[in-house]
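Produce the complete structure using the sequences and hints provided.
Line by line, the protein sequences give chains A and B.
Just so it is clear: in the first sequence, position 115 is 115 by this note's numbering, and no numbers are missing.
For this note's numbering, count along the second sequence from 1 and bump the result up by 115.
None of these hints come from the bench; they were simulated from the model.
There is no bait here: all hints are sound.
Cross-link-like lysine-lysine pairs, in silico, DSSO-like; alpha carbons within 27 Å at most:
| id | chain 1 | residue 1 | chain 2 | residue 2 |
| --- | --- | --- | --- | --- |
| 1 | A | 71 | B | 159 |
| 2 | B | 159 | B | 129 |
| 3 | A | 49 | B | 172 |
| 4 | B | 159 | A | 69 |
| 5 | B | 172 | B | 159 |
| 6 | A | 49 | B | 159 |
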Amino acid sequence: AQSVSQHNHHVILSEAASLELGCNYSYGGTVNLFWYVQYPGQHLQLLLKYFSGDPLVKGIKGFEAEFIKSKFSFNLRKPSVQWSDTAEYFCAIGRGSGSARQLTFGSGTQLTVLP
Amino acid sequence: NAGVTQTPKFRILKIGQSMTLQCTQDMNHNYMYWYRQDPGMGLKLIYYSVGAGITDKGEVPNGYNVSRSTTEDFPLRLELAAPSQTSVYFCASIRGDYSNQPQHFGDGTRLSIL
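Put into structure tokens, the structure is as follows:
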């Protein structure tokens, strides 16, 4: 069975600091990769997704992620965080090519950005 | 276009009571899902459906039931509420074809069992 690991459970940064959240997965086949964000009291929203092509994916609000197949990783990055980025971030993988029909989520990383 | 709509947003139940969490989507999506979210645990799949009349268990189905009589609706039923079912429940949907589309989530139902 596939699994997703997010090793950072809680990250605290000051505004303008750079962000990198780790995501590693275990699955030997083709995967689709996602980062979702959940702002306090809200539902999950898609930040970015990777299905194929350029392994460096750019998403909304200045976020990007890089798929490194050899390391089974899909880390999320942002050069300069803002207070409004305070939220919980979930990495997820979908099995199979071109589909997000079956997702496995990581346990999430709570990001707190201090003003 | 409302997307995925969940009702109610909040509910408190007593142990042993039953209730149905409603989920409806207006995007003509084939696949629908119910997840529960517990602190520090991410989202766990309870049940999913690949189309009207077809449902299947996810990772944590015990204590829950679902039905899918229409494409739009996918209610989740708790028959005998237990404290372990205190959680936030999210419904999601996706078209289901190989269209590179992500799952769409509802706003969630926060359920407390006392």
